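With the hints as extra help, turn the sequences into a complete structure.
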Amino acid sequence: MKVLQMTFKIAGRAQRNPYVPRYNIFGKNKEDATKEGTKEQEQEINKQEFLTNKITQLETQLQEKDELVKDQQVQIKQLDESNRDHILKLKDLRETVKAQIEEQELLVKRVNKEKEGMKIYAIQNFAKDLLDVQDNLERALESSKEAIDEKNLLEGVVLTHKILEKTLHKYGVNKMLCVGKPFDPNQHESLFEVEDATKDPGTVVFVAQDGYTMADRVLRPAKVGFVKQK
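Quick note: this note's numbering has the sequence shown finishing at residue 259, numbered continuously throughout.
Hints are not guaranteed to be accurate.
[Claimed, not checked] Okay, derived cross-link-like pairs now, SDA-like style, lysine to any residue, Cα gap no bigger than 20 Å in a straight line:
| id | residue 1 | residue 2 |
| --- | --- | --- |
| 1 | K195 | E222 |
| 2 | K142 | V126 |
| 3 | K252 | V223 |
| 4 | K127 | I116 |
| 5 | K252 | E222 |
| 6 | K210 | T232 |
| 7 | K191 | D239 |
| 8 | K195 | K228 |
| 9 | K204 | K259 |
| 10 | K142 | R246 |
| 11 | K191 | L160 |
| 12 | K228 | Q258 |
| 13 | K68 | T85 |
| 14 | K144 | E132 |
Calculated from the structure, these hints are not laboratory results. Keep in mind the model is a prediction, meaning the values are calculated, not measured.
Below is the structure:
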């Protein structure tokens, strides 16, 4: 019986493949190795996907930054153009204000000049009427010089004439000096012309009635005779 049992045990052992152990004592079996390789591949794929997604995110961020920079550059350009427009508008405004100030100053000067003119010429008509009195006094002086017996009258006329001349001069009324000067139609009234080879043509040689000015205006033109033009 013992011999038979041992025979059966040996026979049972012989049915097994001695080269394919039931358990691999040196490492993992084929199935485990396959699973491990698959897991490593999945990890590698996941790693690549992570890196790809990370790169995609970085590229997206870079694109957004680039667009933001472009937008900022556009805004800077718009601000520069707007600033340039503001500078031009400010320059135009300054020039306009400057022109208005200059115009106002000229207007003020003009108004002041008109005021002074009104003061000076307010008595123009009155002064002009006094010139007739001046003329009569001068004629009286010429006549009185010939009448020796009327010495007192002459002295009174001379004194009155001096007072009148002084008063006229005080208010800017002055007698024109015409003889020897060129004829000026703005100041002289022509009565006649004479021939005189010793003087230049147009030279005033005779005054029939004195002319007077008041400030810068002719109060009365002088009535004169002058050398005939050639």
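Now the hints, each set against the structure:
| no. | hint | in the structure |
| --- | --- | --- |
| 1 | K195 x E222 | violated (33 Å) |
| 2 | K142 x V126 | violated (24 Å) |
| 3 | K252 x V223 | holds (14 Å) |
| 4 | K127 x I116 | holds (16 Å) |
| 5 | K252 x E222 | holds (12 Å) |
| 6 | K210 x T232 | holds (6 Å) |
| 7 | K191 x D239 | holds (16 Å) |
| 8 | K195 x K228 | violated (34 Å) |
| 9 | K204 x K259 | violated (30 Å) |
| 10 | K142 x R246 | holds (14 Å) |
| 11 | K191 x L160 | holds (13 Å) |
| 12 | K228 x Q258 | holds (11 Å) |
| 13 | K68 x T85 | violated (25 Å) |
| 14 | K144 x E132 | holds (18 Å) |
Comparing the model with each numbered hint stated earlier shows that hints 1, 2, 8, 9, 13 do not hold.
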